[in-house]
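Q: In case you want the letters, here they are:
2 protein chains.
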Amino acid sequence: MLVLAFISLIIGIGAIIYGGFTARWVLKQDPGNDKMKEISGLIADGARAFLGREYRTIFPVGALLAALVGLAYYIGFHGSFLMTFLAIISFALGALGSGLAGYIGMYVTTRSASRTASAAGRNGLGGALSISYRAGSVMGTMLASTAIIIISILFIIYTAITAFWGEALIPAAFGASLMSLFIRVAGGIFTKAADWGSDIVGKVEAGIPEDDPRNPGVIADNVGDNVGDVAGMASDVYESLIVVMTGMLFLAAVFRVPDNFTVFPFLASSSALLSALAGMQFVRGKVKGASEALKKLNLSLYVATILTAALVAIGSVALFGPSSSAIAMIISDILGMLTAIAVLHITEYYTHYTHLPVKSIARQSTVSASNVIVTGYSYGLASAVPVLLVVATVLGSSFALGYRLINLSSPLMSGIYGTAAASVGLLSMAGIVITLDSFGPVSDNASGLAEMAELPPNVRESTDALDAIGNTTKATTKGYAIASAGLAALVLFIGFVYEVVERVLPPGSSPSLILYTAFTRTSVMSPDLLMGAFLGAVLVYLFSSRTLSSVSKTAMELVQEIRRQFHEIPGILEGKSKPDYSKAVDIVTRHALNEFMLPGLLAVIAPVLIGLLLGWVTLVGMILGTILLGFPRALLMANSGGAWDNAKKYIEANYEPSLGGKGSDAHKNAVVGDVVGDPFKDTTGPSLNPLIKVVNTVSVVFAAAIAISDILLHTQAGLFPISNFIHLAFVILFA
Amino acid sequence: MLVLAFISLIIGIGAIIYGGFTARWVLKQDPGNDKMKEISGLIADGARAFLGREYRTIFPVGALLAALVGLAYYIGFHGSFLMTFLAIISFALGALGSGLAGYIGMYVTTRSASRTASAAGRNGLGGALSISYRAGSVMGTMLASTAIIIISILFIIYTAITAFWGEALIPAAFGASLMSLFIRVAGGIFTKAADWGSDIVGKVEAGIPEDDPRNPGVIADNVGDNVGDVAGMASDVYESLIVVMTGMLFLAAVFRVPDNFTVFPFLASSSALLSALAGMQFVRGKVKGASEALKKLNLSLYVATILTAALVAIGSVALFGPSSSAIAMIISDILGMLTAIAVLHITEYYTHYTHLPVKSIARQSTVSASNVIVTGYSYGLASAVPVLLVVATVLGSSFALGYRLINLSSPLMSGIYGTAAASVGLLSMAGIVITLDSFGPVSDNASGLAEMAELPPNVRESTDALDAIGNTTKATTKGYAIASAGLAALVLFIGFVYEVVERVLPPGSSPSLILYTAFTRTSVMSPDLLMGAFLGAVLVYLFSSRTLSSVSKTAMELVQEIRRQFHEIPGILEGKSKPDYSKAVDIVTRHALNEFMLPGLLAVIAPVLIGLLLGWVTLVGMILGTILLGFPRALLMANSGGAWDNAKKYIEANYEPSLGGKGSDAHKNAVVGDVVGDPFKDTTGPSLNPLIKVVNTVSVVFAAAIAISDILLHTQAGLFPISNFIHLAFVILFA
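Residue numbers (numbering that gives the first Met the number 0), protein chains in the order written: chain L, 0 to 734; chain U, 0 to 734.
I should point out that these hints are in silico values taken from the structure, not numbers from a laboratory.
Any given hint might turn out to be false.
In silico lysine to any residue, SDA-like type, Cα no more than 25 Å apart, as pairs [what the hints assert, rightly or not]:
id : chain 1 : residue 1 : chain 2 : residue 2
1  : U       : LYS358    : L       : HIS590
2  : L       : LYS552    : U       : VAL366
3  : L       : LYS295    : L       : LEU337
4  : L       : LYS36     : L       : LYS552
5  : L       : LYS667    : U       : ARG562
6  : U       : LYS667    : L       : GLN559
7  : U       : LYS667    : L       : GLY660
8  : L       : LYS667    : U       : GLY660
9  : L       : LYS202    : U       : ARG362
10 : L       : LYS552    : U       : VAL384
11 : L       : LYS294    : L       : GLY284
12 : U       : LYS358    : U       : HIS344
13 : L       : LYS552    : U       : PRO385
14 : U       : LYS294    : U       : ASN653
15 : U       : LYS667    : L       : ARG362
Residues from chain L that keep clear of chain U, each with C-beta distances beyond 12 Å, as calculated [stated by the list, open to error]:
id : residue
16 : LYS27
17 : LEU63
18 : TYR102
19 : ALA317
20 : TYR348
21 : PRO456
22 : LEU504
23 : ARG563
24 : SER576
25 : ASN653
Short, incomplete list of chain U residues facing chain L, as computed with Cβ under 10 Å [claimed, not checked]:
id : residue
26 : TYR301
27 : THR418
28 : PRO631
Owing to the predicted nature of the structure, the values given are computational and were not obtained by experimental measurement.
Note that CB positions come from ideal geometry on N, CA and C, so glycine has one too.
The following block holds chain L by itself, in its conformation from the complex:
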């Protein structure tokens, strides 16, 4: 069955080559006049400088963690140097891939904005779309294929050299999610602090419009769009894909399922990648207006979905024969893909201006800013409801399908495998979804460039129309990323419990016994578990609070700097002298990098410490609490933020003239909501995705150490090892 991993590898490499050609085509396009080149260069430099410094800041922490991962494996595998080595390799490759996904995405998009603006000038909307969409597709293909290549290479090599290849793979998921957490948090703080800071002094105090080149923060603001929306989203979705693939392979390894079941993730993900490449070809040719552009984009999504379903169906019959297992795997995979489409539509309903929620918020803005906040928050809460229902339904029904139809050695395993197949199906859509998402930031930046380079108004019209579509796809992709994170986390959660129980039990226990013990020890009636669940809630709340306050702290630093420049550089407001853009970028970079380490490390240290000191059952509770609180909260924050943003735009675009349009009191009230929504939707909300996965992956990686500590510390405490009050006191002091 190794052949399927090889086929995946080849498809992945093929996709990379396709992506490379597309990138070359994009970069060959006319980058516009000198002014555009200059500004575009400033943004690209700022973004590169930020990512560079960020990666350098992360490096020592990453190296230390790599050493700890190695140590954990050295102990867990009784001094095996091979496992230690493989674990470190996996961790490094996972993290590297995540960093790479972010970097490639940024590289292409920062260079495509000027080319999109210039094409908009020559060929209008269609020209702009063809370039920005190609740029987005580079990111989508690169990200999915990097993930597939890394996992298939590791799989091919590891299965050849060790029986514990499942455990050896897992650190890749930890590396990817850790890197993604850092990128999300740091990028999220950077982008929103730059945005807030520039707006507060620019719009409010100096009275100059957004994207005005006289504002010293304007380049930082544009850099932020790239490091937040592009690099952040790329590493986030890359990571979910890695997590769900390693997670399912890990389950396959520890459950000791037959080979044809093992390689299913390769079938699902490479089918989807191939189909995504096909779907992308439908966004070509002349485009008359925004609605036709949206139609083409949707067409590409549906073509890719149907094609994937067909390929998975054919492949599954080839793998499992015409059996009930094949039927269950196919349906589960399709259920996962349908989840993606459902979540995209739900999110669109709650964040797009053609539907009731955004309109209601806009109308409430005629009353007061408080009404805007409360109404938006209320819709944000409501928006999580259908997504949770869809995910709960898919979870339950894919398990039930597997339980009844898949033929593994125990029905429990079969059920879990059904759910895993649905998760892989959902995540396999990453390539096409990210493609849809990424043209948004490109056209957003193109609009900004057009403004800064003072291009004729028709350019801005085309790029703005694209930006409006991009805003919707951006919001909906966030919904997709969150739902993916939720399901991926659940698969890994089960993997963790299994792994730790296997290590607590005597060596050589059968998978069925392990599963049975796992079920009986993790009751929600156990006070250990309940306590852990509360600690999970603590983690989510603390992390959310901290990331929110970091944004305002960093923004205040930028405000000081912009005020200083306005004050000390004469003629800056008259446009006679240039502001010092790079100083502003530097300040935001420095503070964002100061702020991101603490919440990031909290996510790594808390689970390990809780597991070591309070036992693995408490840790299981903590993971559950993190998923249960983090998942709905991410939806709430992303969607209320998106809705506030679009309510403001709805008033600005004057779709409802009675609201008064730009500059009216209603508009001012809507701006309050928009600004509140910024850190909600671009910092804290999206950072919760990697948070719930880091908590999971770090637990699996340290499962051996946690099991050993459990055995050492608590052998005499019976079922409930919490009675050690010193431990409790320690936890409280720590948190």
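The hints should help you fit chain U onto chain L, whose structure is shown.
A: Chain U only, in chain L's frame:
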């Protein structure tokens, strides 16, 4: 051991008599001049009219539910008319007591405001404190003693006539929590809609100050303070006390513990009530300033706590002899009381203006309204963290104590019993805490009256100083109420699982077997349970969203009415003609009562339906999800709301003159936060307490029916009965 129940009954009756005398003393005081009497009469009438209509609206629903409760018991106890009858009696008494607690509280406080204002005119702060504190103590004593009397009478009678007295008691908890949910939601919508509506037209559009008699909404606003802050809080805490007492008695009955363990809740609650009466005596005599007043209030709390601890210690030794059980019960009870004090202090830190959070929010208001919102929200999230840690610690350590030291037939039971003792300890403080809370609304109303009746400024100074203390105690009591709800819900949660498992197992199974099965069937790895946990999240989000939007909807109706009156009644703004206050009250009443039924019924119907259709394990997950998401969310919403409120007051009081004081831009920004916080802290936040308990209590009441449906529907489905897709589709359509 029945003697202890009798002693409780006598203490309860004694306390009621004491409360009656205190009430008579308060009502004998001078109610002030004619204008004050008139306004005070209008408020009292409005409040009575609201409660009256509310109770009439609830009555048919309550009657229907009483019939369903009876039916559930008729089926569950195989046609026993006695059990059917007892269940209905319990349900009715529980609900009646809750309604009564709300009504008595309102009756006294609405009548005490004018007396407090008049005493403030004669004797300054001290005079005002002595009346408002006595009025508050009436509510505190009445509420605690009503709960104790009802439970002890039911206990004495039921234990004499049926072996299933534990099951017969439980509907009292359901009745109380259901009534409290209705009162919280309806009162919360009323109070904040009246507040918003009056402010939007009054302050913003017409430019008249708060509490100005020219505003047609002013009486509705004051009525709202009483139906929300007083009746709502009274029924909420009364209900938690009932729930935790019935919950622990229920556990005692189903665990078949010895009698001395059974009667412990009576010891704890009557000791605390007696001690509260003693503590109250320390708030007497002359008071020079606000800080001395606060000192006396705190003294009363500490005296009551220490005295309770001493009484419980003596009583426990008498009950259990000098044994390890006695030690564990005493320490657990004290841990519960310490939790109360810890939560009061934590909440004070996050909501009082002398500490960093409120100051930071006030300072951010110089930047923008958005900064106020984000900073307040971030502190709200942070405020939940220490409370969750305290509760998790108490949960874990009281269980561990019980597990090691209490001698019941199984260590699991002993552990659970330890946690139950801590919960009872926490709730036993209700009397003294509510006393501390209730003088706040009285002095708040006295301030309003002084404004409306145009009393001399020195009156307002005294009542305002009291109101400022009252604002803090009001916020801290909310924290107490939430923490109590969390622990009470956990006790009941375990009771539910036990009850339903007992009914799923063959009759006559031993308690140990039942407990063992309960543990093995409720694993967090079960997809049923995970799905249920997501459904619990759905419930909390849907309920929160719905209650928030109800407030703004109702407020808009009041806005229309006030605008109409300003328009159609000539001379109203010049003070020449009187506004039609009662019309405004009527409109808010009508709409609040339209809006409260849906979220209330959702909380009752969802668990029963989920339990019947998707099985009891899914329901266990749902209850867990509701507690896990509802508890932190209640803290977030109550505390961010309190902090925003006090940040605004901090600026108004001009504690930091650089912020600009009343009327400055900073003040305007702070007002945005204050108004957002209103429905957060007074509608949705406090309604989440009864929500998590209704979900619990309704499940216990319908446990038999759910168990039967489980056996009928799912006998062939093995461990996981979720495969019925029709059920899933049904649930989705329903939600």
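Q: What are the numbers of the hints the structure violates, in ascending order?
A: 4 and 26
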